[in-house]
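S.K.: As given, the protein sequences belong to chains A and B, one line each in that order.
Going by the numbering used here, the first residue of the first sequence is number 56, and it counts up by one from there.
Going by the numbering used here, the first residue of the second sequence is number 143, and it counts up by one from there.
In case anyone wonders, no lab produced these hints; they're calculated from the structure.
As the structure is a computational prediction, the values presented were derived from the model and not from experiment.
None of the hints are false.
EDC-like cross-link-like pairs, simulated, lysine to aspartate or glutamate; straight-line CA separation at most 20 angstroms:
no.: 1; chain 1: B; residue 1: K199; chain 2: A; residue 2: D188
no.: 2; chain 1: B; residue 1: K156; chain 2: A; residue 2: D309
no.: 3; chain 1: B; residue 1: K211; chain 2: A; residue 2: D552
no.: 4; chain 1: B; residue 1: K199; chain 2: A; residue 2: E319
no.: 5; chain 1: B; residue 1: K196; chain 2: A; residue 2: E319
no.: 6; chain 1: B; residue 1: K177; chain 2: A; residue 2: D309
no.: 7; chain 1: B; residue 1: K211; chain 2: A; residue 2: D309
no.: 8; chain 1: B; residue 1: K147; chain 2: A; residue 2: D552
no.: 9; chain 1: B; residue 1: K199; chain 2: A; residue 2: E190
no.: 10; chain 1: A; residue 1: K624; chain 2: A; residue 2: E609
no.: 11; chain 1: B; residue 1: K177; chain 2: B; residue 2: D148
no.: 12; chain 1: B; residue 1: K159; chain 2: A; residue 2: E319
no.: 13; chain 1: B; residue 1: K196; chain 2: A; residue 2: E558
no.: 14; chain 1: B; residue 1: K196; chain 2: A; residue 2: E346
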Amino acid sequence: MNEDMKACPITAKHIKVALVGQPNVGKSMLINSVANSHLHVGNFSGVTVDKTEVIFDYKDYSYTVVDLPGTYAFTDYTIEERVTHDYLSAQEYDIIINVVDSTNLEKNLQLTSELLTMSKKVVIALNMSDEADRENIQIDENYMSELIGVPCVKVSAVTKLGIEELIETVSLANETPNNGSKLIFSEAVEEEIARLVWYLDKHKYESVNSYRNIAINILKNNKRTYEKLHDNPIWTELQPILIDASRHIELHHDSDDIKECFAEEYASFNRGVVAEVVKSKLLEEKVTMTEKIDFILIHPTLGIPIFLFLMWGLFQLTFEIGAIPMDYIDMFFSWFGNTIGSTIQNEDIRSLIVDGVIAGVGAVVLFVPNIIILFIGIALLESTGYMSRVAFLLDGFFHKFGLHGQSFIPLVTGFGCSIPAYMSARILKNDRDRLLTLFIIGFMSCGARLPVYVLFAGAFFSPEMAGNVLFIIYISGAMFGLVAAKILKLTAFKGVDEPFVMEMPKYRLPSVKLIWHTVLTKTMMYLKKAGTYIAAASLLIWFLSNYPHNQELEKEYNSKIEIAVSEDKKFVLQNQLAEGLLEQSYLGTIGKFSEPIFAPLGFDWKMSVALQTGLAAKEVVVSTLGVLYALGGDVDESNSSLVNAISKHISLASAIAFIIVVMIYLPCLAASVVFTREAGHIKYFFYLFMFTSIIAYVMAFLGYNITLLVV
Amino acid sequence: MKTLKDCKKACRVKVVKLNADTDLKQRLISFGIMKETIIEVIEYSPTKSTIEIKVGKMKIALRANEAQKIEVEKI
Chain A
56 MNEDMKACPI
66 TAKHIKVALV
76 GQPNVGKSML
86 INSVANSHLH
96 VGNFSGVTVD
106 KTEVIFDYKD
116 YSYTVVDLPG
126 TYAFTDYTIE
136 ERVTHDYLSA
146 QEYDIIINVV
156 DSTNLEKNLQ
166 LTSELLTMSK
176 KVVIALNMSD
186 EADRENIQID
196 ENYMSELIGV
206 PCVKVSAVTK
216 LGIEELIETV
226 SLANETPNNG
236 SKLIFSEAVE
246 EEIARLVWYL
256 DKHKYESVNS
266 YRNIAINILK
276 NNKRTYEKLH
286 DNPIWTELQP
296 ILIDASRHIE
306 LHHDSDDIKE
316 CFAEEYASFN
326 RGVVAEVVKS
336 KLLEEKVTMT
346 EKIDFILIHP
356 TLGIPIFLFL
366 MWGLFQLTFE
376 IGAIPMDYID
386 MFFSWFGNTI
396 GSTIQNEDIR
406 SLIVDGVIAG
416 VGAVVLFVPN
426 IIILFIGIAL
436 LESTGYMSRV
446 AFLLDGFFHK
456 FGLHGQSFIP
466 LVTGFGCSIP
476 AYMSARILKN
486 DRDRLLTLFI
496 IGFMSCGARL
506 PVYVLFAGAF
516 FSPEMAGNVL
526 FIIYISGAMF
536 GLVAAKILKL
546 TAFKGVDEPF
556 VMEMPKYRLP
566 SVKLIWHTVL
576 TKTMMYLKKA
586 GTYIAAASLL
596 IWFLSNYPHN
606 QELEKEYNSK
616 IEIAVSEDKK
626 FVLQNQLAEG
636 LLEQSYLGTI
646 GKFSEPIFAP
656 LGFDWKMSVA
666 LQTGLAAKEV
676 VVSTLGVLYA
686 LGGDVDESNS
696 SLVNAISKHI
706 SLASAIAFII
716 VVMIYLPCLA
726 ASVVFTREAG
736 HIKYFFYLFM
746 FTSIIAYVMA
756 FLGYNITLLV
766 V
Chain B
143 MKTLKDCKKA
153 CRVKVVKLNA
163 DTDLKQRLIS
173 FGIMKETIIE
183 VIEYSPTKST
193 IEIKVGKMKI
203 ALRANEAQKI
213 EVEKI
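Only chain B is shown next, with the shape it has when bound in the complex (with noise of 0.2 angstroms):
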């Protein structure tokens, strides 16, 4: 199983499952992060603990921990 946190930097994937509480999942479908969606990583933080993401045209920043809740796959 891969997931967001895997990803390396400038890779793209689409999500295939939200492995999230019901909070976590509410908050990432409001902005857009769902089933299909595509999803390019932008840039890691210096410590690598924070990941900048790209959806659609927004870019949004989640930790690495709820990056790993989100299931993937390579496009």
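The following block holds chain A by itself, in its conformation from the complex (with noise of 0.2 angstroms):
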């Protein structure tokens, strides 16, 4: 370990650990569970794909714990698996925990056994023991530790079982040399490892890895230890060696892969470890749990109908539990603007904080209650298990688009919010089917955008309809975006199809901890973005919708006011007046100049400078509308709210041209970074914006001059 660094009395006792398992194994819900007991909680999010750090500390040491993207072998196959394979070969750590699944401790050895030839420490975290408890799996974890030749801990991540003696084991294999695996091979296998060995030996190789590991690895054609020896003199000698073990190995399996002659090592490796510590009292044949909730799930008629149920009660419940609290804050909103507005007394300011920045954050946070149930539903979906069955059941329909049935993760991610979405469509191995994927996930709208649609449906349908509506928006974006894939498939991504084969994990019951942490971290970085950025954007939508002021219409329209004589006219001239102003302000100018853009699609200029605005985040679009509404004159008592103002100055058919551009055109400024990054070159983001852009103004022209027709 660190021993130059000794000095400092921090990293001295240091232990990096590096966190490893095949997905849904529950790292993410171990490491939750380690740092909860020892404070500095990191951040998650439902799935891996990159490596996250938690550092805490325990008895004498700092532990720094990286949690790796789960990967079923060392194929990269996936980025994920890419990741995972690349840190562990390549970057600096003293430890791996291996966490497995108890109750599928066979299919978990697979990584496991190729872990054990890396000659680095190894510590086993049998995860989820309660879970093989219940179903009657009894591990005997000192036996398997004799027979693996490394430490194998009971714990479970979810009632926190074994958690402390985990930590004890990985500080006490840190200190203790490591004395390799027990790991062995097939007799043949075995003999030409030690051919190597010996050839190595005689030629007193210079390794910090010992020969066997690296005779495996040469074997087993592993790129790295391969570039290393090429250039070494004793290459010549060695490749014919090399060529006669590999073709004995072929040879003893039938097979001319030598990774596959492998992977059968590995796995009668481990049917043998698990035939020995693993006895399960289950019967063979019993129907488990998941097999009868599955018979329902994904039966072959049922299936898809109860899906679509399922997302269309979502969406109600959306709509109808959201519109609860939605009042009340509304009122304190208006309340607290009255009563800050009442305590400042030059006009100016008490505008700018009354209808600028209150006035924008109220219009955002009005939509956390409705945020919160989508997260909620979303989270549900990705921890149950339920998202595997539905890309099973999807995947046929999905492939006539030309997209892939994994491709669905990453989609229903982006309900959420289209930054998730993205990363997880690493999970895709096909750049062609990731790239697609990623131009795809704008369609489905995010999170951000149900405040714009929230407010559109509950302006122009009632409160019964409202809740179809939000689905029809939510059903709809999503055919547009698989005719958009289709579309996208027979033209810039032509190619082979990449294969499908998924994992479909066991149901569980998800643990209101981890949909808690979820869903608050997720509201929370809402809350704070209506806190801070939207706070800014509202006050810059507010300067520029208040500046310049033009003094001689106000001089005319004051004037004006001044004789008129009834209460009304007086009323009328002010409404006037404000509209005038807000027409010559900066903001009015941009909402003009772009006006004939849009003025086919039968917007206003309020409602374009709304969508320009909306390119930063879809919340701006609210709190844009809440502004200029606020501001624009529409100063009647009784009709305050901003539902009201929509549903009286936009008319049925602009609105649905707006919902189709909202739903559409590009994601927040945010997303489209994350978007360029993934997708590798800025080109895709140019090739996005005008790809979106175009479809929705079409689609919006369309659906404008249809609703005309049709009311």
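Both chains are sitting in their own frames, so use the hints and assemble them into the complex.
M.R.: If you want it as structure tokens, here you go:
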């Protein structure tokens, strides 16, 4: 360990742990349990796509745990697998914790056995041991430690069983020298390993790794080892021995693929271990809970209707339950605005605070309840295991549109937020499929667009209908996406399909804590954005819509107002003044300038401006409308809310066109940055911009004119 | 030659050979599908384009196209 850094007492007692395991074994959950009990909690979303570091202290040591993306084997098949493999073979760390699912040990050991040949210290965490107990699966962890040659500890991330023991084992293993594992191969392979070791030994080949390790790696065609040896003079002599050895092993396995041979070797070792250490009292053919649920949920005819019903229910709930606290939030902000406003003397500053910041932020905070419900729904979908069932059901359908069944996962994530969705598209191995999915994710309306929809649905439809309207908006967005995918697949992304092989995980009751954590984090992010980014944007929009002051117009109207006799007349004039001033402002100028572009869609300049500010973030669409209509002369007290302002000022046809544009056009700035990063080149951003703008414009134009004809 | 695609629901078979290219083979192997592996067909998707199988305790979904590349025999 960091001998040279001993000068610093903090780093001297530092253990860097790489947390590795197959997907869905609860690595992130385990880290959560470990760190929760020792503070310094990291920031997690449901799926780990990139490595995350968590730091905590325990007894004499400070630990850094690197949570690596789940990987089935070292195959570099997906980007996630590459991240993990590269980290493990090239980065500095002290020890590996291999998290395995106790209820499915044999499958998990496949990765373990590859880790064991890496000549790194390994501790195996037998996770989900509580679940294994319930399923009557008993693992003799002491015997297992002895058989494999590395310490094994029973843990449960859910019940926090064995967490302390795990940490103690890690620090103990860190102090003791690495003895190497007891992983043994078949006679044929061992024979060849011995021959290569003997050869390396004879030539005193210099290496940090053990000769056995080098021999195994080179037999497995490991690129790194290969490259290193290739530059060494002994290579010329080693090569014929190696070719001979490979041929021998391949013959033994009746295969021409050395990797397949090794996979079979590992599998038979693992079968041996499992047979020795696992005692399962379960009757083999008993129907499990998962199978019972699957019988209904992936039923050939019922499966898809059930899925659609669940989605419909989610949007109903989002609107119905979300609407309950909305009135109170609205009331709170108007009360808050009035209270604060009455304490400020300066007319301009009062307007800045009340009409700018409070109206803008209030309009966004209003939708927090809807956002929370939607996030809970998506978190449930992600954590129960239902998501892969839907991928299974829809793969055939998706495939017709040129998408991959696994595209479904990033696409559904996209209903929450596009950013994690862009990142989770990494599960797609093929670059074409991945790019295609990246282009389509934006069509899945993210949580930030929900406020716009809720606002317009509430303005034009009765509360009973609004939930259905929301559902229709989301579904039609997805449909547009599929059609767009088909177009792209036929034109820009032609090519061979990626194979579809996916695990269907066991159903799990999601832990309330994990859901709470995910939803809380995401909601806080939303609120934080409302408090900072959107407050600033509201300020800017307020400024742009108030300046420059047109003195002449003010004078003209003020004199008119003075002469006016009736109160009504004064009121009308005041409104006209406010409207006129707004049109003269910077924002008005921008709006007027771009109005001709949007005129065919039936947008007034306020809507045009809102769409443009929405490029920064979709919530800003709502706050812009909030500011513009709060300032825009709508001073009638009974008509103060934004919903009413919208139903009064905007026609149904324009509203539909507006929703269509919001549904399709470019996602927010942050998401666009992530998109560009994940797509790998700035040109894709321009393609995306062009692609979405054109589709949005055409569809909105159609929507507007069709509605005009029908209504 | 019988492949996994030809198997009916609820039938149990043993893998004889993987006739896939390197990528798909690696993918199948990492899911534990290799020679001698016992596979049970659980369910077909509505259009029969996707198959759910059981390998050991793990359930895996794969496309009929991929299933066609797995040579199997009755047990």
